[in-house]
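Asks: From just these sequences and the hints, can you work out the full model?
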Amino acid sequence: MPPPDVILASVLDGLLLGFVYGLAAMGLTLIWGVMEVINLAHGPVITLGMFGLFFLFQELGLHPYLALPLVVVGGLLLGLLIYGVAVHRVLDAPHLSTLLATFSVNMMIIGLGTAAFTTTPRNVDFSLGAVEIGPLRLLGTRVVAALAAVLFTLALYAFLYRTRTGKMVRAVANNRAAAELMGIPSTRILALSFGIGTLLATGAGGLIATLFPFNIFTGGVYELKSFVICVLGGLGNPTGALLGGIILGFIEGFIPPFLPVGWTPVIEFVLFVVILLIRPSGLLGAR
Amino acid sequence: MKRLKAPALWTILAAVAVAGIWPLLNRSATLREDMFLILMFVTLASSLNILLGYTGYVNFGHIVFFGLGGYIGFYLISQQGWHLIPAALAAALVTTLLAALMGGAVLRLRGAYFALATLGINEATRAFVTNFKPFGEATGLSLHFSRYQEYGGPASALWFTYALLVIVTLVTLLVSYLVKTSKFGLGLMAIREDEDAAMVLGIHAPRAKTIAFALSAFFPAIVGTLFFFKNGNIEPGDAFRLHMSIEGIVMIMLGGFGTVTGPVIGSAVYERLRGYLLTTPLFKDLQLFFAGMLLLIIILFVPSGFIGWLRERSARLREVLQ
Amino acid sequence: MTDQVILQIEGVTKRFGGLVAVNQVSFEIREGEILGLIGPNGAGKTTLFNVINGVYAPDEGRVIFRGEVISGLPSYEVARKGIARAHQVVRPLNELTVLENVVVGAAYGRRNLPLGEAARVADEVLEFVGLAPKRHLLAGKLNVAEKKRLEMARALAAQPYLILLDEVLAGLNPGEVAAMLDVVRQIRERGITILMIEHLMHAVMNVSDRIVVLDYGSKIAMGTPQEVANDPKVIEAYLGDPKMAQHLLEEQGENEEGGADGHS
Ligand SMILES: Nc1ncnc2c1ncn2[C@@H]1O[C@H](COP(=O)(O)OP(=O)(O)O)[C@@H](O)[C@H]1O
Ligand SMILES: [Mg+2]
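Residue numbers (my numbering), protein chains in the order written: chain Y, 1 to 287; chain X, 1001 to 1322; chain U, 2001 to 2264.
Treat the hints as calculated values from the structure; they're not laboratory data. For each residue, glycine too, the CB sits at the ideal point set by N, CA and C. Nothing false has been slipped in among the hints.
List of simulated lysine-lysine pairs, BS3-like, C-alpha gap at most 27 Å:
1) X/Lys1005 with U/Lys2134
2) X/Lys1005 with X/Lys1183
3) U/Lys2134 with X/Lys1183
A short list of chain X residues far from chain Y (calculated; beta carbon distances all over 12 Å):
4) Trp1082
5) Ala1163
6) Arg1318
Replies: Below, the structure is given as structure tokens:
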């Protein structure tokens, strides 16, 4: 049994990361919740968030946290574009069509990204030092990333529950046909929802870029994590995504002191399949 | 058997046989390698089509059968000294059995939930194999050069493997056709159209789906063994490449969902196109981008694929083109 | 019609959460009979069908078919035992042809036929319901009236002992209704027992031997069309829809005329 402070440090690290995972998953789950589309371009969109932040930092010398708002605005626009080009026309087609349409966007982004950025790893060379609490040492960038993820979540909820447009998003998510009868411009709301979903994904990507090196394929890893998280928290539920992210972060922090790190994904994905089978509405969802 | 008198079946089998035998006559190794990939994708796509096209269940993890079968076969050959043929068959049987067990559970999920679960199974298996000692963990397994002696040296081992692949491909297509035109296949298609209605009509959907799932696992497992035997090594990244799973779906969509010929044409066109893009300097770096664009165009404008599009033209074509 | 009971419903209850959709319903159907099942919208008629053919297991009670308890069996087993169904909301297998749809019914129905024989049965049934000219069309391309016939054809092709018809006349024009009623009568001539839900009062009164009335999930009346039409509880059940009550009374007269042909 490893010493308790090693476990605690590892768990805390994992938990902080979990908030960022949760943020990424929130983008995926929002899109599913509003239009029942599993966005298979989620990973590359996260990657674009990473590259966006990287270039604003590296080329324009912007402070990473000032660059982040620009990155997410780009993410929003990107989402609107993806929705308009690839998603809108197949929204009412069978699931396979939306899955493949978003996957085609995935291929296009990765294709363009590989050509433009190559596959060499990049790194946002930026540090905030560390916070020391007793024997524990928390990296500043991780603490800020977790806080930023919480801020994004609060902003999302303020939008969904306090603004007129946000209420329309919820109405469309609830029942599109009824919302249309009430005069809600559903196409615009759907496009906006998709945009917000990608906004959250690029936001998560930007934050992750301040933590780890990455290349064009890195987003794929977080896409898979997002699936796991969405299933933990219940597909379509943003709070569930944040909680699911924290659970995943906890697992990732808690397991390594006990087992070789390679077993973590085994446990994650087995958990994922098992939860899908026994509780497809997620740990939090009603049965 | 009246069904076996269908000209469409023999046309496609003959076409594949001729294309398959061509490199054997030419003794051209490059041609063989090109054809190997195409035939491999034909079997992957055709077997996937049994579940995806006939039954309507979107399997994102089809490649897990290829990877798992590949690992089992490769293990038997490299660690247990088995011959390629029994190893491939054993791998296929074990994989099919595992699929049957898994299918019973996952096939209760429908739509996107099923798709996600299959993706999870692939990733869980990959992660497990990466930590599994007998399969060489993250580095995988490799075959000692001398093991090819049994087949008359490395060169003839490659030809031998290729010849086996040609046979496996033909058998896969025959099975795909027989399933499609059988009562069982009709039941699968009824499930695809409306599972609850199909059950009310008397179709034992849970059993039919599980059989389709298990059957779709058999051929990829053989092909996995052949492919990795040919390569001489196997590692988790190559065996469980999610991307390949989805490419299989793309090929089916390209040629025509739920038809026997569709996946053949789709695989051939997709593979050739990729080969062309890869060897044309202008497109080389952007091949994935163009492949994605092609896919999007198909989804948006020709969702039933090439063969599907033809079949929609007339009832006669619908009957001829299975 | 014989006196042999083919289907017994014994105290069947089906709940959805707090809602009791079917409440302690009991009745029986005799072999060769046409039994009409009526009641206001939401009375639980379709749900009762779903319990009979195994889409749902009842929360209480049982269903006995030809001496065998079938409640709790999955729908595909019930189909094999010889109960077929035409759905209220049509469910064509869209991307299959009309013929293939009917072949599914024949191949997987009570007799579990091989494809060749199933195709022969299907051809005959398509001829019978008048869909033969459309046999090679995709089922999704049919119009509503044709889709209703297809539902019927698929159920018939199963060669069942008992057929459940759920509002097969709804949405049809008067000419189509008359044609469909003809088909219903001919089904009975073939010795198939019929349990039919119908909203069109004059039609169901006309064609049924007996009628069961459901209201809020409970059986409130059962008897010959005349008895039911004169039952104050039935009239009250339809009071939410006064026009319906009026119809009931009016069409009783029609039914008496219809009864004069002595069908049964
Ligand atoms: N699957 C279901 N889940 C929840 N409630 C249902 C379901 N099916 C039917 N109901 C409810 O049960 C009641 C009876 O419905 P139904 O049997 O369709 O009535 P009918 O066919 O007599 O019009 C209605 O209140 C309906 O809303
Ligand atoms: Mg009803």
